[in-house]
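Let chain A serve as the given structure and place chain B on it in line with the hints.
Number of protein chains: 2
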Amino acid sequence: MGNQIKWAERSSRLEASAIRNKLFDEPDILTFAAGKPESSAFPYMELVDVAKEVLEHKGQSALQYSSTDGIYELRKLIAEDRMKAWGVNTDPEHLMMLSGSQEGIEMSGKIFVDPGSKVIVENPSYLGAYTALRIYNPHWLTVGMDEHGMKMDELEDILQKNDDVRMIYTVPDFQNPTGVVMSVERRKQLAQLAAKYGVIVVEDRPYGDLCYDGDPYPAVKSFDEEGWVVTLGSFSKIFCPGFRLAWICAEPEILQKFNMAKQGSNLQVSTFDENLAIEWMKRYSLADRIKKLCDLYRSRRDTIVRCMEQYFPEEIAFNRPEGGFFTWLTLREDMDAREIANEAAMKLRVACIPGTPFYAYNDIHNNIRLNFSFINEETIEEGIRRLGTLLHEKYGC
Amino acid sequence: MGNQIKWAERSSRLEASAIRNKLFDEPDILTFAAGKPESSAFPYMELVDVAKEVLEHKGQSALQYSSTDGIYELRKLIAEDRMKAWGVNTDPEHLMMLSGSQEGIEMSGKIFVDPGSKVIVENPSYLGAYTALRIYNPHWLTVGMDEHGMKMDELEDILQKNDDVRMIYTVPDFQNPTGVVMSVERRKQLAQLAAKYGVIVVEDRPYGDLCYDGDPYPAVKSFDEEGWVVTLGSFSKIFCPGFRLAWICAEPEILQKFNMAKQGSNLQVSTFDENLAIEWMKRYSLADRIKKLCDLYRSRRDTIVRCMEQYFPEEIAFNRPEGGFFTWLTLREDMDAREIANEAAMKLRVACIPGTPFYAYNDIHNNIRLNFSFINEETIEEGIRRLGTLLHEKYGC
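As you go down the protein sequences, you meet chains A and B in turn.
Read in order, the letters of the first sequence correspond to residues 3 to 399 in this note's numbering.
Read in order, the letters of the second sequence correspond to residues 3 to 399 in this note's numbering.
The shape of chain A in the complex, shown without the other chains:
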């Protein structure tokens, strides 16, 4: 072109995923790199009759435009089923459907973040939250974590020292990438701090139900007395991600902004997929389904932990996540996980994700994220064995 395209300034902050790697798609790769649920566990045969029922009896409305909020009946089911299980007493008026909880993060940026506004994240945090929010050009403030999640004393210190904090983004349950869960006590404190300092908390809860040791944790929202917490829930990990069905629970004043943002962005989620979810939930139990998924993933979690203990050098720190999809390795500080992950993929045909892009400032390089939801136990064993040989080499033992 003779002329040059004039892009918006913000488009320079659009970025391709830092964890995509074409190598990972090759058929002989053993992959710990995914963030996906196990495909064979989808209820596809149950959905044949469900789809037939929806099309034959609601065909006209199920394929038509519907409302931006989402179908009332589905929001009612979500309120009575999931939100109640999370300790939140709510109703359809406090819920809106989203095209994946990713959309909730992006719209939070649109609604709450001006250029330079301060946004607090756990360090490390979910990579997709950076992708969603970076175009709104926030100033990241990071809070450290320990085995009980985000450190509340550090958070309060930051809140005291900074005005113009617009938002705290957290994945309290079996966080992506670390697998860490926030303690109940800290959830209470987080809700209290949000109210005290007048800061919105975006609680992203895709893995909340996938708890393998004991009962799920109450949502931060369950301790929210003044309405500062915005909770994102999703069907992706407990039903089917392909439907792109998620929801936001928030005060009506906040929900109204999300509704207007969604109206401008894409009007609504898929009416048909909403109807499938409704009809499936009327016939089957989401609680039963979650129980089966927990059995499946618990066994994989146990396997990966056993194999890491068996095959990895002792010096490597890793956790035994109580739930979710991931475990997180900490290597020696002078090691660069990006090089190790590259070498693992090329030489050993094992894919895993180096931790660097999960840090807001990409400044820590000695972590690896391992997924155990999308890989069977035999492959877990073989993959960890191979990784182990490479790591032993690096540690010189």
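For the record, the hints were derived by calculation from the structure and aren't laboratory data.
As the structure is a computational prediction, the values presented were derived from the model and not from experiment.
Beta carbons are placed, not taken as given, at the ideal position from N, Cα and C, and that holds for glycine.
Don't take every hint at face value.
Here are some chain A residues the structure puts well away from chain B; computed CB gaps all over 10 Å [as the list claims (entries may be wrong)]:
| id | residue |
| --- | --- |
| 1 | D71 |
| 2 | N125 |
| 3 | Q191 |
| 4 | Q194 |
| 5 | A319 |
| 6 | D338 |
| 7 | Y363 |
| 8 | I366 |
Below, a sample of chain B positions facing chain A; criterion: calculated Cβ distance under 8 Å [what the hints assert, rightly or not]:
| id | residue |
| --- | --- |
| 9 | S63 |
| 10 | A64 |
| 11 | K112 |
| 12 | T273 |
Cross-link-like lysine to aspartate or glutamate pairs, in silico, EDC-like; alpha carbons within 20 Å at most [what the hints assert, rightly or not]:
| id | chain 1 | residue 1 | chain 2 | residue 2 |
| --- | --- | --- | --- | --- |
| 13 | B | K198 | B | E227 |
| 14 | A | K190 | A | E228 |
| 15 | B | K24 | A | E95 |
| 16 | B | K284 | B | E75 |
| 17 | B | K8 | A | E228 |
| 18 | B | K396 | B | E335 |
| 19 | B | K120 | A | E11 |
| 20 | A | K8 | B | D165 |
| 21 | A | K198 | A | E227 |
| 22 | B | K8 | A | E255 |
| 23 | A | K349 | A | D27 |
| 24 | A | K86 | A | D217 |
| 25 | A | K60 | B | E40 |
| 26 | A | K120 | B | E11 |
| 27 | B | K8 | A | E227 |
| 28 | B | K8 | A | D165 |
| 29 | A | K54 | B | E48 |
| 30 | B | K60 | A | D51 |
| 31 | B | K190 | B | E149 |
| 32 | B | K54 | A | E58 |
| 33 | A | K60 | B | D51 |
| 34 | A | K38 | B | D71 |
| 35 | A | K86 | A | E228 |
| 36 | B | K60 | A | E48 |
Relative to the frame of chain A, chain B by itself:
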């Protein structure tokens, strides 16, 4: 709350739809207010077997995450079927799936529009484009239309006098709200002006196939030699809007930005709905379906035009749209269509949309948009008869 929520500055420009009216949902209302396709024409019975096939044979992948670009096979079908019919020789690498073409408009704003950037629109233009773009705070420049669409001499004059024009947004085919179609000659000129002045054209083509008198018009994109035209196509009006399936056709350099924007916003469209569209298109013909829809809507168009001629005062100007969903009334300049529409809804139980919000500056008040796609012929006749009595009253005859 003791504290006040701190919103982003842009959130003050989020707006609820200016054409929503709860009255319109009441069961006895005859509605010309909709923008929907006819529900009974959806292929819901055909989709029963299609859904069964997809679930039984592709159940695992059809319910899983897939790519942000959209499934390759679907993009190939779109290239070979629709884009070819629109005179555009293209391939899957130039196509990306979107959650409705509304998303394409919003992402155009995200990618091309800085605060104060100039965006050219037809006057009037599609209301949803304002909703999508206003949050990015553009400076609207408006171009008048006549019966051949956007006036090209006026457009060139504006392009000469203004730098920092980022984007020209147009609905060339049977425009919402006016029903006007842009002539072939002007489409060529538009593509040439875009290249000459280095300005992106966003061509929004939801009604392009719904042409009731003769063949569809070639897309503006078909005259685009240098890649300045971004074309948005959609399954909503020719298949089912509930699936939220649309596409963008653009140069790879541009598409890459849309891909990153979509990744941050909601990752992808519904994998399941994509698979339904693929399987349906393999079994049935979209061209045949479009032909049937044209027969249905042509007949409704003929009816509404006949009734307007019969029941409306002679002084009212309206058009006989060659396609699409809408016709557009122009009342006497001193009349306020907002009042008339209110009166029609309350007293006559007839819903129609006043034209004011379709103008970028909300400064012209004597138009009414009438939809004829979502109302049967008997109801069209009764509704236009009732509107006619009110209009005769207003015109004092």
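How the hints compare with the structure:
1. Against the 10 Å criterion, A:D71 stays outside the reach of chain B, whose nearest CB is about 12 Å from its own CB.
2. The beta carbon of A:N125 is kept farther than 10 Å from every beta carbon of chain B, the shortest such distance being approximately 20 Å.
3. A:Q191, annotated as away from the interface, keeps every beta carbon of chain B farther than 10 Å; the closest lies near 17 Å.
4. In this structure A:Q194 is separated from chain B by more than 10 Å, as the shortest Cβ-Cβ distance comes to about 13 Å.
5. For A:A319, the shortest C-beta to C-beta distance to chain B comes to about 30 Å, beyond the 10 Å cut-off, and the non-interface label holds.
6. Here A:D338 stays apart from chain B, with its beta-carbon at least about 26 Å from theirs, past the 10 Å limit.
7. At the 10 Å boundary, the C-beta of A:Y363 stays outside the reach of chain B, the nearest C-beta of that chain being 19 Å off.
8. No beta-carbon of chain B is positioned within 10 Å of the beta-carbon of A:I366; the least distance is around 23 Å.
9. Evaluation of the B:S63 hint against chain A yields a held restraint, the C-beta minimum of about 7 Å falling below 8 Å.
10. Taken as an interface hint, B:A64 checks out: its beta carbon lies about 6 Å from the nearest beta carbon of chain A, inside 8 Å.
11. The beta carbon of B:K112 is positioned within 8 Å of a beta carbon in chain A (closest approach about 7 Å), and the interface hint is therefore held.
12. The restraint placing B:T273 at the interface with chain A holds, with a minimum CB-CB distance near 3 Å, inside the 8 Å limit.
13. Proposed proximity of B:K198 and B:E227 is supported: the alpha carbons are some 11 Å apart, at most 20 Å.
14. At most 20 Å may separate the alpha-carbon atoms for a hinted pair to count; A:K190 and A:E228 meet this at roughly 13 Å.
15. For the proposed pair B:K24 and A:E95, the alpha carbon gap of about 17 Å is at most 20 Å, so the pair holds.
16. At roughly 10 Å between alpha-carbon atoms, B:K284 and B:E75 fall within 20 Å of each other, so this suggested pair holds.
17. Distance restraint check for B:K8 and A:E228: the Cα-Cα separation of roughly 15 Å lies within the 20 Å cut-off, and the hinted pair is therefore satisfied.
18. In summary, the hint linking B:K396 to B:E335 is supported, as the alpha carbons are separated by about 13 Å, within the 20 Å threshold.
19. With a C-alpha separation of about 14 Å, the suggested pair B:K120 and A:E11 falls inside the 20 Å cut-off, and the hint holds.
20. Restraint check for A:K8 and B:D165: satisfied, since their Cα atoms lie roughly 11 Å apart, inside the 20 Å limit.
21. As the CA atoms of A:K198 and A:E227 are separated by approximately 11 Å, the hinted pair is consistent with the 20 Å bound.
22. Between B:K8 and A:E255 the alpha-carbon distance is near 12 Å, which keeps this suggested pair within the 20 Å criterion.
23. Of the supplied pair hints, the one linking A:K349 and A:D27 holds, its CA atoms being roughly 15 Å apart against a limit of 20 Å.
24. This hinted pair checks out: A:K86 and A:D217 have alpha carbons roughly 13 Å apart, not beyond 20 Å.
25. For the proposed pair A:K60 and B:E40, the alpha carbon gap of about 14 Å is at most 20 Å, so the pair holds.
26. Between A:K120 and B:E11, the direct Cα distance comes to roughly 14 Å. Compliance with the 20 Å bound is thereby established for this hinted pair.
27. A hinted pair counts as satisfied when its Cα atoms are at most 20 Å apart, and B:K8 with A:E227 qualifies at roughly 18 Å.
28. Taking the CA atoms of B:K8 and A:D165, the gap is about 11 Å. The hint holds against a cut of 20 Å.
29. With a CA separation close to 11 Å, the supplied pair A:K54 and B:E48 stays within the 20 Å bound.
30. For a cut-off of 20 Å, the pair hint linking B:K60 to A:D51 stands: about 16 Å separates their Cα positions.
31. The straight-line distance between the Cα atoms of B:K190 and B:E149 is roughly 17 Å, inside the 20 Å bound, and the hint therefore holds.
32. For a cut-off of 20 Å, the pair hint linking B:K54 to A:E58 stands: about 13 Å separates their Cα positions.
33. A threshold of 20 Å between alpha carbons decides the hint, and for A:K60 with B:D51 the separation of about 16 Å falls inside it, so the pair holds.
34. This hinted pair checks out: A:K38 and B:D71 have alpha carbons roughly 18 Å apart, not beyond 20 Å.
35. Restraint check: the Cα-Cα separation between A:K86 and A:E228 comes to about 18 Å, which is no more than 20 Å; the hinted pair holds.
36. At roughly 14 Å between alpha-carbon atoms, B:K60 and A:E48 fall within 20 Å of each other, so this suggested pair holds.
The structure is consistent with each of the numbered hints, conforming to all of them.
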